[in-house]
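From the two separate chains plus the hints, produce the assembled complex.
Top to bottom, those sequences are chains H and C.
One point on numbering: in my numbering, the residue at position 187 of the first sequence is 187, and numbering is uninterrupted.
One point on numbering: in my numbering, the residue at position 310 of the second sequence is 310, and numbering is uninterrupted.
Among the hints, erroneous ones may be present.
To be verified - Between beta-carbon pairs, the in silico distance windows are:
{"id": "1", "chain 1": "C", "residue 1": "Arg420", "chain 2": "H", "residue 2": "Arg236", "range": "54 to 64 angstroms"}
{"id": "2", "chain 1": "H", "residue 1": "Gly146", "chain 2": "C", "residue 2": "Val380", "range": "18 to 28 angstroms"}
{"id": "3", "chain 1": "C", "residue 1": "Asn359", "chain 2": "H", "residue 2": "Asn114", "range": "42 to 52 angstroms"}
{"id": "4", "chain 1": "C", "residue 1": "Pro415", "chain 2": "H", "residue 2": "Glu26", "range": "57 to 67 angstroms"}
{"id": "5", "chain 1": "C", "residue 1": "Val380", "chain 2": "H", "residue 2": "Glu115", "range": "19 to 29 angstroms"}
{"id": "6", "chain 1": "H", "residue 1": "Asp164", "chain 2": "C", "residue 2": "Lys45", "range": "57 to 67 angstroms"}
{"id": "7", "chain 1": "H", "residue 1": "Asn114", "chain 2": "C", "residue 2": "Val380", "range": "23 to 33 angstroms"}
Keep in mind the hints are simulated off the structure, nothing from the lab.
Since the structure is predicted, the reported quantities are computational estimates derived from the model, not experimental observations.
Positions of the beta carbon are idealized from the N, C-alpha and C atoms, including for glycine.
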Amino acid sequence: MATNFVIEGLKAEIEGKEILKGINLEMKGGEIHAIMGPNGTGKSTLASALMGHPKYEVTDGTATLDGEDLLEMGVDERALAGLFLAMQYPSEIAGVTNSDFLRSAINARRGEGNEISLIKFIRQMESSMKGLEMNPEFAHRYLNEGFSGGEKKRNEILQMMMLDPKIVILDEIDSGLDIDALRIVAAGVNEMRSEDRGFLIITHYQRLLNYITPDFVHVMMQGRIVKSGGPELAARLEQDGYDWIKEELGITDETVGQEQEA
Amino acid sequence: MTLQTILPVQAAQIKEWAEARSEAAWLTERRLQALELAASLELPKPEKTKLDRWDLSAYGAFKSVAKTASREELPAATKEFIEEGTHNLIVQHNSGVVYTELSEELRAKGVIFTDLETAAREHEVLVKKHLGTAVKTSEHQVSALHYAAWTGGVFLYVPKNVELEVPLQAVFLTDDASATFAPHILVVADANSRVTYVDNYVSTGLDGKVLHNGVVEVIALDGAKVQYATVHQFGKEVTDLSYRRALLSNDADIEWIVGEMNDGDTIADTATSLNGNGTHSDAKIIAIGSGTQKLNFTTRAVHFGKSSESDMFTRAVMREEAQSIINGITKIEHGATKANGQQTEKVLMLSPAARGDANPILLIDEDDVMAGHAASVGKVNPEQVYYLMSRGISKVDAERLIIYGFLAPIIAEIPLELLRTRLQRIVERKLGQ
Numbered sequence: 001m002a003t004n005f006v007i008e009g010l011k012a013e014i015e016g017k018e019i020l021k022g023i024n025l026e027m028k029g030g031e032i033h034a035i036m037g038p039n040g041t042g043k044s045t046l047a048s049a050l051m052g053h054p055k056y057e058v059t060d061g062t063a064t065l066d067g068e069d070l071l072e073m074g075v076d077e078r079a080l081a082g083l084f085l086a087m088q089y090p091s092e093i094a095g096v097t098n099s100d101f102l103r104s105a106i107n108a109r110r111g112e113g114n115e116i117s118l119i120k121f122i123r124q125m126e127s128s129m130k131g132l133e134m135n136p137e138f139a140h141r142y143l144n145e146g147f148s149g150g151e152k153k154r155n156e157i158l159q160m161m162m163l164d165p166k167i168v169i170l171d172e173i174d175s176g177l178d179i180d181a182l183r184i185v186a187a188g189v190n191e192m193r194s195e196d197r198g199f200l201i202i203t204h205y206q207r208l209l210n211y212i213t214p215d216f217v218h219v220m221m222q223g224r225i226v227k228s229g230g231p232e233l234a235a236r237l238e239q240d241g242y243d244w245i246k247e248e249l250g251i252t253d254e255t256v257g258q259e260q261e262a
Numbered sequence: 001m002t003l004q005t006i007l008p009v010q011a012a013q014i015k016e017w018a019e020a021r022s023e024a025a026w027l028t029e030r031r032l033q034a035l036e037l038a039a040s041l042e043l044p045k046p047e048k049t050k051l052d053r054w055d056l057s058a059y060g061a062f063k064s065v066a067k068t069a070s071r072e073e074l075p076a077a078t079k080e081f082i083e084e085g086t087h088n089l090i091v092q093h094n095s096g097v098v099y100t101e102l103s104e105e106l107r108a109k110g111v112i113f114t115d116l117e118t119a120a121r122e123h124e125v126l127v128k129k130h131l132g133t134a135v136k137t138s139e140h141q142v143s144a145l146h147y148a149a150w151t152g153g154v155f156l157y158v159p160k161n162v163e164l165e166v167p168l169q170a171v172f173l174t175d176d177a178s179a180t181f182a183p184h185i186l187v188v189a190d191a192n193s194r195v196t197y198v199d200n201y202v203s204t205g206l207d208g209k210v211l212h213n214g215v216v217e218v219i220a221l222d223g224a225k226v227q228y229a230t231v232h233q234f235g236k237e238v239t240d241l242s243y244r245r246a247l248l249s250n251d252a253d254i255e256w257i258v259g260e261m262n263d264g265d266t267i268a269d270t271a272t273s274l275n276g277n278g279t280h281s282d283a284k285i286i287a288i289g290s291g292t293q294k295l296n297f298t299t300r301a302v303h304f305g306k307s308s309e310s311d312m313f314t315r316a317v318m319r320e321e322a323q324s325i326i327n328g329i330t331k332i333e334h335g336a337t338k339a340n341g342q343q344t345e346k347v348l349m350l351s352p353a354a355r356g357d358a359n360p361i362l363l364i365d366e367d368d369v370m371a372g373h374a375a376s377v378g379k380v381n382p383e384q385v386y387y388l389m390s391r392g393i394s395k396v397d398a399e400r401l402i403i404y405g406f407l408a409p410i411i412a413e414i415p416l417e418l419l420r421t422r423l424q425r426i427v428e429r430k431l432g433q
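Same shape as in the complex, but just chain C (with noise of 0.2 angstroms):
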């Protein structure tokens, strides 16, 4: 028996498109092939969520963008989120890259910095070599149809044992609810190199919904150490699927730092595949959540190597009606003696409506390794507050202080000041304050 599905993302519609941008064959091949698998595969089941029952349809149709000449012409909702000195910069509006920026000098190290459509004709061997790897296509049928349908995109690449010390940037903005916004960014740290990435997702001005169908692939080889650092903040017209792994190679890092701002339904999967010996995966994820959002935060650590070591932490607060679960999992296979995982999670509710699932996972097939896990979800304490009035401060702002004080832990561990300051007010701006 066979099950029609009807898929929201259309065959002749991606060969108009491929065509249309003169798409390399191999491209159009596997994008038609992710298709043709989607029809035959189920939605991802998040613990505790039934994503059958959300609207996933939203994903448009390809449009294509005019690129911008300078960065002045970026939309406004853009620029507020580039640095000052920046000269590394990728901008995508809706369907495509709009703006790339790559310095002479990284350019001189060799270091390859562009949209991923583009870096799919000029670096065919290593994007064919890497895309896919990481969250595989036939995992389900959203990543399917990720690979059937992404756009833009980002592809940076760093040359074996160059060691970047400025931060790169990219900013993803969706503006028009009948485009197609799929970005996929695919990291290549090639041996021994070192490089910090930090994006922005955004929206405004919506007059519909939106999926942000997003797929984010880092591979770290052999000692090479990434920091990745992500901050979602649309609003609550989108629905944000996002898929980030890593994959590590003997003696790698990964840092993951996520910032879960959004308004919108969310599910986000933040995994790292620890399959080189030696290896090191911290993630640390802050998120708010508010109004009548339905959140599923996952972080996951897969250790193979050997003295592989893991690190989540996730600090979440919850306003209104929002509902969240929050679930970490540490899996350890067998073989990966010496490994070490360590995960915590704690929620804050802030109204009695909220919800807050966190839910520590351990799965350990091997004897020889340490593992640990924290989980709370607790209210604000009434003698925290008592004690902070007792010195004259206010309820609001003994409240407050001590939200912030919950995140504070994950937020000043973050490497790069402006985005910690930036994630601070949007903090603020979540917090409704």
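So here's chain H without its partners, still in its complex pose (with noise of 0.2 angstroms):
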């Protein structure tokens, strides 16, 4: 069955502040759709309230993959029913080598009695790492802890590939990756690109779309998606900013909730 994902009329609020205001999007295995924006505008809230963030409220609205709703279920369940959401601010966690946790998210898939050899993970691991040009000593290090933050999204994209995902959610996947860490990182994403997976990158800037080639892109300001189109629209963001949507849209003030996210 081909992937489809759905979001319909979204809403969510942070600490009683409405962020998303009814979002509206579909997407199916095989495409790539990218969400632009300035700060400010509830891309990132969108990413974690599809995740199941805590801190975020959903109070209207469906998410479904496969038909499956997405938000009856826990974090936990997201993730296996194929949500991916590489994070902007992955969480550093002392104690857990990368390694462990890999092999314990993997296993989680697998389920009790069928656990993925170490032989096989380590082997998969390593190829996996090579590829992302990380250093091997990476699988032994505590989970993010003193990555740089380059290192760090590499990490995210090195999950993502070894956890198979069917909806690859990239939050800011580019901010703090230099030319070549962002080079490296959108080839990990095409690599992983097939006809059952669907991509939804988030971003402001228009640079690693120069790697990663959406198939629709949309921009997002006060909580919605207020403009959608294909591949050129990206290209004219990067040439005339974001003011002629504004201007042609008669927005003033694109962002939402105030200071709220980054």
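Quick look at the structure:
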């Protein structure tokens, strides 16, 4: 069955402040969607609300993956259903090695009695790390602890590669990356492109889209998708910025919930 | 005015016991003096713990135990702790040591490894010289009563320049609530020697309360290096009072590795006196509290020597209604120039009814030193749980990973693989998983 991810009328708030004011989006396997927009317009909130971050409360709307209601599920169940969020600020967890963590995550999918063999796991991890030009010692380092910004982002992509999700949300994966890292991360994403996998790329720079060509581009302002188009929309945004959209739509302040979001 | 304290140990008992075991007169004399002193001494006063409200009476009576001829006949509860290939082992069962083994190789090097009662007879000069020098009889009523009532125990002597690769091991078991259980461990590492000693304290099948009043003394002479690992995992019936103290001469080094895994109330005080110049003390403590345990853990480093260094790390996890006070005391005396004392206490709280109090205390009487402390008490971070869950890991497993991760930096530092894996298992049990 082809992957089908549908968001309808999604509203969410944080600490009583509504940030998402009704998001509609449909994605199919094989598609790459980009959500662009200036800071503070609700892009990352959309990512966190879909994953189920405890601070965000969904107040209305639905999000289904292959017909299953994600919003009814716990965070872990959403992941097992096939959702993956590469986070903007991944947590650091001392004492838990990267490889122990990843193995637990893989085994959570495989279930008891069907755990991945250590050898197979190590081989997989080593080869994925090699592709991302990560130092092998990162397998034994504590999860994200003391990682640079770029190393954390690569580690997110590593997890994506190993967990084989259906829908991947990349939240500002390009922030804090130098051009080499950006190229490597993009190559990782491109390698994972497939007919059964959809990508939702959240960014406020166009530069990532030079490496990963989206099929659809959406612009978010004031907690809504205000404009959608093809890759040409991203090119226009790169050239002209966002002001023309604001003018077109009569928006003066594009942000939502004030300084809520970086 | 004299205040009559009713002591849980009687002089008549001590005399009778000494006679039955043909104890050296000097030792019996010391016991009786300690008992007399106990009557006039007060209980210790660990920070924020009112010991006078604890029941500290369960000393039991001295009871003879028969020696065990072979390892196979040892109580089952002790066997699981014994390293497969070890040839250097002491097992104490209630009031007395029942099994002693020392390899020919170590014997030939002049190593002494025997119960302290035997050592007091056979190595009188050594024992007399060092017994009671690190933990003094006169410190408080508990130490005085210990010196009056100790039985069994371990004496380990490593001669000058002897470096031992294999760890020596001891296991202490209490399973008779009516028997005194108060081992004393005395380790003397002579100049430039090196030794690792590992022990386990366990209880099983108790039908009443037991007080473990235990003392550990480590005397590390010039340039000696001692690694001391101890894991306490007494059941609920045992109240554990443990005072551990190391005295370091010039350039000596002690590494304490302590697992506080009891199910009963516990006072544990692990201290190093850095008497010599260039000394180094490292203490790593992991503790887990559960049920309604009352716990007070103190690590202490007292610097006298110049360029002496101490590090103390405590990581504690408190579940259910466990109440814990965790103290780190770094004291740098006047004249201990270039000393460096660092300490960290971290407590992870798993339940709103648990209590964890971390008290870093720096007492510094010298200007030319470095000292630092860090303490934190926190809960499992919900952001971290969310992050792990977002990869498909269940909440229970996510929390388990985080709790183990909290203890891992200390467990990972444990130099012996077997102890490391065993401690991991005890941690699992104690965390109820």
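Hint check for Glu26 of chain H and Pro415 of chain C - Cβ pair distance inside 57 to 67 angstroms: With Cβ atoms ~58 angstroms apart, the hint holds.
Status of the given 23 to 33 angstroms range, CB of Val380 of chain C versus CB of Asn114 of chain H: Since Asn114 of chain H and Val380 of chain C have Cβ atoms about 28 angstroms apart, the given range 23 to 33 angstroms holds.
A range of 54 to 64 angstroms was offered for this pair. Does it hold for the Cβ distance of Arg420 of chain C and Arg236 of chain H? holds, 60 angstroms
Cβ distance range 57 to 67 angstroms for Asp164 of chain H and Lys45 of chain C, holds or violated: holds, 60 angstroms
For the range 42 to 52 angstroms, tell me whether the beta carbons of Asn359 of chain C and Asn114 of chain H fit it or not. Holds, at about 48 angstroms.
Whether the CB-CB distance between Val380 of chain C and Glu115 of chain H falls inside 19 to 29 angstroms: Since Val380 of chain C and Glu115 of chain H have Cβ atoms about 25 angstroms apart, the given range 19 to 29 angstroms holds.
That 18 to 28 angstroms hint for Gly146 of chain H and Val380 of chain C (C-beta), does it hold up? holds, 21 angstroms
Consistency with the previously given hints is maintained throughout, with no hint failing.
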